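I would like the entire structure built from these sequences, with the hints used as guidance.
Number of protein chains: 2
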Amino acid sequence: MHVEYALGLQARIIKPIPGAKVSSMNFYFDYSSPYGYVASERIEEIATRHGRQVHWCPMLLGAIFKVTGAAPLTEYPVKGAYALHDFNRSAREYKLDYVQPETFPIATVAAARATLWAKERTDPDSAEKTAALVHALYRGFYVDTRPINEARTVVAIAGEVGFDTSQVEQAIGDTTIKTRLRQDIEAAIELGVFGSPTIEIDGELFWGSDRLEQIDRWLTVGGW
Amino acid sequence: MHVEYALGLQARIIKPIPGAKVSSMNFYFDYSSPYGYVASERIEEIATRHGRQVHWCPMLLGAIFKVTGAAPLTEYPVKGAYALHDFNRSAREYKLDYVQPETFPIATVAAARATLWAKERTDPDSAEKTAALVHALYRGFYVDTRPINEARTVVAIAGEVGFDTSQVEQAIGDTTIKTRLRQDIEAAIELGVFGSPTIEIDGELFWGSDRLEQIDRWLTVGGW
Numbered sequence: 053m054h055v056e057y058a059l060g061l062q063a064r065i066i067k068p069i070p071g072a073k074v075s076s077m078n079f080y081f082d083y084s085s086p087y088g089y090v091a092s093e094r095i096e097e098i099a100t101r102h103g104r105q106v107h108w109c110p111m112l113l114g115a116i117f118k119v120t121g122a123a124p125l126t127e128y129p130v131k132g133a134y135a136l137h138d139f140n141r142s143a144r145e146y147k148l149d150y151v152q153p154e155t156f157p158i159a160t161v162a163a164a165r166a167t168l169w170a171k172e173r174t175d176p177d178s179a180e181k182t183a184a185l186v187h188a189l190y191r192g193f194y195v196d197t198r199p200i201n202e203a204r205t206v207v208a209i210a211g212e213v214g215f216d217t218s219q220v221e222q223a224i225g226d227t228t229i230k231t232r233l234r235q236d237i238e239a240a241i242e243l244g245v246f247g248s249p250t251i252e253i254d255g256e257l258f259w260g261s262d263r264l265e266q267i268d269r270w271l272t273v274g275g276w
Numbered sequence: 053m054h055v056e057y058a059l060g061l062q063a064r065i066i067k068p069i070p071g072a073k074v075s076s077m078n079f080y081f082d083y084s085s086p087y088g089y090v091a092s093e094r095i096e097e098i099a100t101r102h103g104r105q106v107h108w109c110p111m112l113l114g115a116i117f118k119v120t121g122a123a124p125l126t127e128y129p130v131k132g133a134y135a136l137h138d139f140n141r142s143a144r145e146y147k148l149d150y151v152q153p154e155t156f157p158i159a160t161v162a163a164a165r166a167t168l169w170a171k172e173r174t175d176p177d178s179a180e181k182t183a184a185l186v187h188a189l190y191r192g193f194y195v196d197t198r199p200i201n202e203a204r205t206v207v208a209i210a211g212e213v214g215f216d217t218s219q220v221e222q223a224i225g226d227t228t229i230k231t232r233l234r235q236d237i238e239a240a241i242e243l244g245v246f247g248s249p250t251i252e253i254d255g256e257l258f259w260g261s262d263r264l265e266q267i268d269r270w271l272t273v274g275g276w
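Chains as they are written, first to last, in our numbering: chain U, 53 to 276; chain Z, 53 to 276.
Treat the hints with care, since some could be wrong.
One copy or two, it doesn't matter: identical chains are merged, so the pair holds either way.
As a list, the in silico EDC-like pairs of lysine to aspartate or glutamate whose alpha-carbon atoms are at most 20 Å apart [to be verified]: (1) K118 <-> E97; (2) K230 <-> E252; (3) K181 <-> E212; (4) K147 <-> E265; (5) K230 <-> E180; (6) K181 <-> E265; (7) K171 <-> E265; (8) K171 <-> D236; (9) K171 <-> E93; (10) K181 <-> E127; (11) K118 <-> E172; (12) K147 <-> E256.
Source of the hints: derived by calculation from the structure; they are not laboratory data.
Because the structure is a prediction, the values reported are computed rather than measured.
Here is the structure:
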């Protein structure tokens, strides 16, 4: 009731309501995005501090770039060289391991579908397991240089965090999951998402791992 | 001596040397860049805190985009809408006035040339006057919606901060200044500059007004 009131009154300025139930924070990302990896390692701490839960929203930048006309960062002259330097520097600041993958960017459709499937499970520990899967896939790629573009690597990693591998394998090829992912990406674009990571807080979008401090300030003061 | 030693030893990790002379911080910007405006209002405070002086480096994104293949932010579908929202939100966070100009982006060659001319003056107060000119041009455009794409507006604003208007008028059309600006832009691209603002600290580049806190941390700990 109080939450609805605050939201309805002024969409951009959300005051934290004492005693309100935990609300979410949507984290849109592509597994091929180094900035997505860096932010994925820090977002839960920020969310938790503000009584929010991270809702993992896998997406495919390739599909988004078709709409926006953008290209993978590393393909731009000059900007690409900066990006390669900055991926590493961004990770180093937060003491995160980071190895620039030789094959980059990669297709992440299998990883995205597996994640979408995981987060739709209804077992009591599915939220924790989905978060574990996101981290394991990202670290698999950016720390251990595992080829997460391959479905079998995704299945293996999902198994390592406790999912049933045969179920995951089936999910990656499942028509419903394929359709759902496409619809989710279309909805994300409709919302205004164009890059990875994008964090959505009550309709407000923040793009980039370098906006996490701003998100922290935004949630602290209730927006501006 | 000590400064050279620290720089030579490990280019990326610059330790502040007690007693070293004030060093600079290069601020590359285009007057048509809202993020350049936002950062211009905050960079001097950060520089001063770390014993550095801001060296204003006007450039033209149009010339850079020819090399990088990028386009003005607002021309990208989806991303453009985010940018328009974020320009204002970025300014609001720091209590800066911001009015989205109706004509945007604009040609800023006259403003860039005037600034380049100003910073090459050798009168004792030229550094202060150049900084004043940068702020007056940016605020003229983003606060008072003055058409700084027009040479006469640039000349008028330069006069308001204490420059000789006839000298400024002449400088805007001067062949040496034209050539110098083109060379400066080429050198900036060579260095790795591709967007506005880009802040260079001892060879390390930071792109975006959202990196000022990171710059502050970088200078505080001496890099990572």
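Here is what the structure says about each hint:
1. K118 <-> E97: Answer is neither; intra-copy 33 Å and inter-copy 41 Å both fail.
2. K230 <-> E252: neither (23 Å within a copy, 45 Å between copies)
3. K181 <-> E212: within (10 Å within a copy, 63 Å between copies)
4. K147 <-> E265: both (16 Å within a copy, 17 Å between copies)
5. K230 <-> E180: neither (23 Å within a copy, 60 Å between copies)
6. K181 <-> E265: Answer is neither; intra-copy 26 Å and inter-copy 34 Å both fail.
7. K171 <-> E265: neither (27 Å within a copy, 34 Å between copies)
8. K171 <-> D236: within (13 Å within a copy, 51 Å between copies)
9. K171 <-> E93: within (18 Å within a copy, 44 Å between copies)
10. K181 <-> E127: The answer is neither: 34 Å in one copy and 40 Å across copies each exceed 20 Å.
11. K118 <-> E172: neither (27 Å within a copy, 46 Å between copies)
12. K147 <-> E256: Classified as between: cross-chain Cα gap 19 Å, same-chain 29 Å, threshold 20 Å.
Hint check: violations occur at hints 1, 2, 5, 6, 7, 10, 11; the rest are consistent with the structure.
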